[in-house]
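*Asks:* Below, each chain spelled out in residue letters.
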Amino acid sequence: MGTIWKRFTALFSKRRLETELDEEVAIHLEMLTEQMRQQGMGVRAAREAARREFGGIDPMKEAYRDHRGIPRIEILAKDVRYAIRGLRRSPAFTIAAVLSLALGIGANTAIFSFLDTLMLRTLPVERPEQLLSLYRTGGWGSGYASYPQYLEFRRHAELFNGVLARSGAYKVRFDAGHNNQADFVEREFVSGNYFDVLGVKPALGRLFTDADNRTPQGHPIAILSYDFWRSRFGLDPGVLGKVLMVDEQPLTVVGVAAAGFHGVEVESRTDVWASAMMFRGAIMEPGMHWVWILARRRPEISKSRIQAAASIIMRQHLASVYGDKPDSAFRRWAMEQRMEVRDGGLGISMLREEFGKPLTVLMAAVGLVLLIACANVANLLLARGAARRREIALRLSLGATRRRIVSQWLIDSLLLALLGSILGLLFAVWGERYMLLFLPPRLGDSFSVAPSAAVLCFTACISIVSAVVFGLAPALRATALDPAICLKGGASQTAGVRFSLRKALVIAQVAFSVVLVVMAGLLAHSLAGLRSINPGFTHQNVMTFALDYPRAWKDADKDRFRDGMLARVASLPGIASFSCGALAPYQGGIWSAGIRVPGSARTAREGVEVAMQGVGPGYFTTLGSRPLRGREFDESDMRATRKMALVNEAFVSEFFPGLTDPVGRALSFDDSKPEGGEPTYIVGLVRDILHKGLKTPAEPTVYVPFHQGQVGFDPTLLVRAQLPPDALLSMIRRELHRLDPEVALIEPRTIRQRVDDSIFVDRMIATLSGFFGGLALLLAAVGIYGVMACGVAQRTAELGLRIALGADPARIARMVLRDGLLLMAAGIAIGLPLSMAAGRISSTLLYGIRPGDPLAFIVTVAVLLVIGTVSAFVPARRAASIEPVDALRHE
Amino acid sequence: MSTGSSKADVLQGTLDLMVLRTLESMGPQHGFGLARRIQQISGGILDLNQGTLYPALLRLEQRGWIASRWGASDKNRRARFYELTPAGRKQITQETDDWARTVALMERFLRVAE
Chain A
0 MGTIWKRFTA LFSKRRLETE LDEEVAIHLE MLTEQMRQQG MGVRAAREAA RREFGGIDPM
60 KEAYRDHRGI PRIEILAKDV RYAIRGLRRS PAFTIAAVLS LALGIGANTA IFSFLDTLML
120 RTLPVERPEQ LLSLYRTGGW GSGYASYPQY LEFRRHAELF NGVLARSGAY KVRFDAGHNN
180 QADFVEREFV SGNYFDVLGV KPALGRLFTD ADNRTPQGHP IAILSYDFWR SRFGLDPGVL
240 GKVLMVDEQP LTVVGVAAAG FHGVEVESRT DVWASAMMFR GAIMEPGMHW VWILARRRPE
300 ISKSRIQAAA SIIMRQHLAS VYGDKPDSAF RRWAMEQRME VRDGGLGISM LREEFGKPLT
360 VLMAAVGLVL LIACANVANL LLARGAARRR EIALRLSLGA TRRRIVSQWL IDSLLLALLG
420 SILGLLFAVW GERYMLLFLP PRLGDSFSVA PSAAVLCFTA CISIVSAVVF GLAPALRATA
480 LDPAICLKGG ASQTAGVRFS LRKALVIAQV AFSVVLVVMA GLLAHSLAGL RSINPGFTHQ
540 NVMTFALDYP RAWKDADKDR FRDGMLARVA SLPGIASFSC GALAPYQGGI WSAGIRVPGS
600 ARTAREGVEV AMQGVGPGYF TTLGSRPLRG REFDESDMRA TRKMALVNEA FVSEFFPGLT
660 DPVGRALSFD DSKPEGGEPT YIVGLVRDIL HKGLKTPAEP TVYVPFHQGQ VGFDPTLLVR
720 AQLPPDALLS MIRRELHRLD PEVALIEPRT IRQRVDDSIF VDRMIATLSG FFGGLALLLA
780 AVGIYGVMAC GVAQRTAELG LRIALGADPA RIARMVLRDG LLLMAAGIAI GLPLSMAAGR
840 ISSTLLYGIR PGDPLAFIVT VAVLLVIGTV SAFVPARRAA SIEPVDALRH E
Chain B
0 MSTGSSKADV LQGTLDLMVL RTLESMGPQH GFGLARRIQQ ISGGILDLNQ GTLYPALLRL
60 EQRGWIASRW GASDKNRRAR FYELTPAGRK QITQETDDWA RTVALMERFL RVAE
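Keeping their order, the protein sequence lines are chains A and B. Numbering that gives the first Met the number 0 numbers the first residue of the first sequence as 0 and each following residue consecutively. Numbering that gives the first Met the number 0 numbers the first residue of the second sequence as 0 and each following residue consecutively.
Any given hint could turn out to be false.
[Stated by the list, open to error] Residues from chain B shown here face chain A by an in silico Cβ test under 7 Å; the list is partial:
{"no.": "1", "residue": "THR21"}
{"no.": "2", "residue": "SER24"}
{"no.": "3", "residue": "PHE31"}
{"no.": "4", "residue": "PHE80"}
[Said to hold, decoys possible] Anything over 10 Å on all C-beta distances counts as not near chain B; from chain A, calculated:
{"no.": "5", "residue": "ARG6"}
{"no.": "6", "residue": "ARG67"}
{"no.": "7", "residue": "GLU125"}
{"no.": "8", "residue": "LEU435"}
{"no.": "9", "residue": "LEU436"}
{"no.": "10", "residue": "LEU546"}
{"no.": "11", "residue": "SER599"}
{"no.": "12", "residue": "ARG664"}
{"no.": "13", "residue": "SER842"}
Worth flagging that the hints you see were computed from the coordinates, not collected in a lab. No residue lacks a Cβ here, since even glycine has one placed at the ideal position from N, Cα and C.
Model the full assembly from the supplied sequences, consistent with the hints where possible.
*Replies:* Pasting the structure below:
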């Protein structure tokens, strides 16, 4: 080991060691000469005798050097210097190659970085592979479960080594003591055993135990995340015992969780943990689904056994809670709940559900882009090899081994890959920033743009692999020649063989491009289909936002403030219309009610659940959706005692099939009797608005006059103006601040943005695959052009001779063009079946079209043929314009 | 260069032990002194180019068996002196044993052959 170290250090002190050796040899010779002189020789004879006695100095030094450093590294360094010089000598080649690689590597790094965060990175907890996520499905949303359900699962120690519950992490008001301005943190409620089950240790103080989660509102303590402790308190240990106002609850800090732990949800980063018993709401209410259950399975019990057991536990629990409910529709709805056992080691993520598959498809797409880029670089290297054949032949005949030259070429390739990956990382950072723009607010928070160690490792790996992929074949090709023939002067022999490899590469490029372009076409067509869906209203620039009031405010205070606020907004210049509603438009699926509709066969036997919305006066006018029949609510309806409702088209076709005007009919929210109880009269019919997002068909929906406290949410305010959204928003903020600086504005989004958010995955993958498809086309075009141009250059003499003998230049041009198009056609022929397969694999990403969508395929073929013609056209023209004299002189 | 490698290897092993033994008996030496001493002891049987010594010295130093430093010779000239390290001393014992075993073994064969 010491030997290696000494040799290694010798690499860096070469010059000093060399002079020392020289000095030592000189001294030795001097002493030897002296000895000879003492034996009676003359000066000259003594010196010669000494030389003889010492032996050859240079061979000795050579042997000495071999032992001193590490020859392989010294040769490597020499090769690297040689390669750098070579690349600098041909800048056009270097730029083309590095750029191709950088685009390929950058795209891969960017997509992989997302994939890593969302699907590969395990939680920083103990034995993450044992963690399970209990995912509730069926009635009332998905994922989150009720606290009684949690307690039920917790009892089963024969299955689990611990079961924890946690609420979502939500932004809430925060005040560390002095300043009054609205500040927010992400707060998460957790069961007492949360940290214990996960195996997360404290960085400071202590973490929760079950004793901290016994009595409702009885545990005013908090745990901070390490990052929050660092950013807000500068890692000050004095934070322990401090009282923080979190969501206007005074909580005493008792500890800080270990560094790197941000909770179990991938797309949020918790700042403050509070005890579940501090949740302000009906904690034990069986219909209140506010906790996500995670469990650590016993190592000896398999996931499938746990799933079987969980289904039984869930069914028994539901039967005990809902079994004796008289209302059959409600009972059936409730009993439809299931508990799905999923792996929890990667953390829980709603985004993963939606985005996981598209990301995998994108990863495959960028893999193809990289292959195309590699083919491009291989092609460039082959062309370069052809140009350097004489040099290589000379070196081979001077005794260089083939292995040595091949390894030198690979160093060239590695160097290109290194440059490409450095530039590629830059591209990746830009790319990720751009990709984040597609994500709805908050979801992007957990994706960091700076590459992680895993991402860097991935990039390094793909760079090295691609260097070998694109470098090896050209290197072997370039050195497989007979120096004798080559040096004798023929420039064009063996070109045929090499040329077929280049053609094969171009065909592969075209085939892969076809796949990418077809995918882009399919996704773009699918997105266009989504875009063409009628959302049920015309005004997309309506600004929507919610208000966050101080905790102490009663419903009446909020009503007063909201009315005042809307009146102020109404008086602003340029405001066209305003209203409010709960839930917000495009926030559906949370509030439902069971109804009976007298006279409808649909509810004759039992009640039916319908979606509910509370709306203020002018709601539909603001959105630009005039009622189809009757009218919408006005100011007086808000306080009317007579019960009124609006229904949508889906409601009519569900409950009054064939009826055009439901106005005057009634429905009842008392669904215990077939004919219902107190009637609610339908006063208007409105268009279907797709509250669950563009992809989900409208559900039968009942709109009722909005009043504060109707649902668990504060209403969303809607304002339409003849102003750009940003200007409108800053005006609203100003008014709000003037009225009461303590009230905060939450999630301001235009309706257009909300619609976009609902299809962000489709927008993102359509845009990105369009970009990758374009990139692939560009690279393929460069490939075809390169091969054709090179072919024409190599055949200059032959073509010149033909023209001299009277061949029609136009026919020559056509011939070259035809060769180019043949390559294209071969690529397309291979690519089309591949695209069919790719389309079928990713059919779940397509909306409204089939994987074999003819439009995408026809457009792809047309685009590729045009590109093929264009890129072969220039070489073809050059071929036609060859001057016979020049060509022959060239030979 | 590579043709005589097997012969050189044999020589190499013996040369290493010769250098180590010489340093053990004479104490710190410079390259010239070592070469002269080795030639004296070998009584002219060994036809050694003195320069061959230097790669061997480098190898021994890299293995940690000898150490070197620059100092002044008896005639107050600058020279590089080599001396044995404790590891080198251990190495001598081991190599001496090896040699003794090899010689004993060879002797047996030679006697049988007679």
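*Asks:* Next, verify each hint and record whether it holds.
*Replies:* Each hint, compared with the structure:
Violation of the interface hint for THR21/B is found here, the shortest Cβ-Cβ separation to chain A being roughly 16 Å, above the 7 Å cut-off. This hint is violated: SER24/B has a C-beta 20 Å from the nearest C-beta of chain A, more than the 7 Å allowed. Proximity of PHE31/B to chain A holds as hinted, the smallest CB-CB distance being about 4 Å (cut-off 7 Å). A distance limit of 7 Å between C-beta atoms decides the matter here; for PHE80/B the minimum to chain A is near 11 Å, and the interface restraint is violated.
Against chain B, the non-interface label of ARG6/A is violated: not every CB pair exceeds 10 Å, the least being about 7 Å. Some Cβ of chain B comes within 10 Å of the Cβ of ARG67/A; the nearest lies about 6 Å off, and the non-interface call is violated. Taking the minimum C-beta to C-beta distance to chain B, about 45 Å, the non-interface status of GLU125/A holds against the 10 Å cut. Against the 10 Å criterion, LEU435/A stays outside the reach of chain B, whose nearest CB is about 55 Å from its own CB.
For LEU436/A, the requirement that its beta carbon stay farther than 10 Å from each beta carbon of chain B is met, with the minimum near 59 Å. Here LEU546/A stays apart from chain B, with its beta-carbon at least about 78 Å from theirs, past the 10 Å limit. Its beta-carbon lying about 97 Å from the closest one in chain B, SER599/A satisfies the requirement of being farther than 10 Å from that chain. The non-interface label for ARG664/A is consistent with chain B: the shortest C-beta to C-beta separation is roughly 100 Å, beyond 10 Å.
Residue-level check passed: SER842/A sits 65 Å from the nearest beta carbon of chain B, beyond 10 Å.
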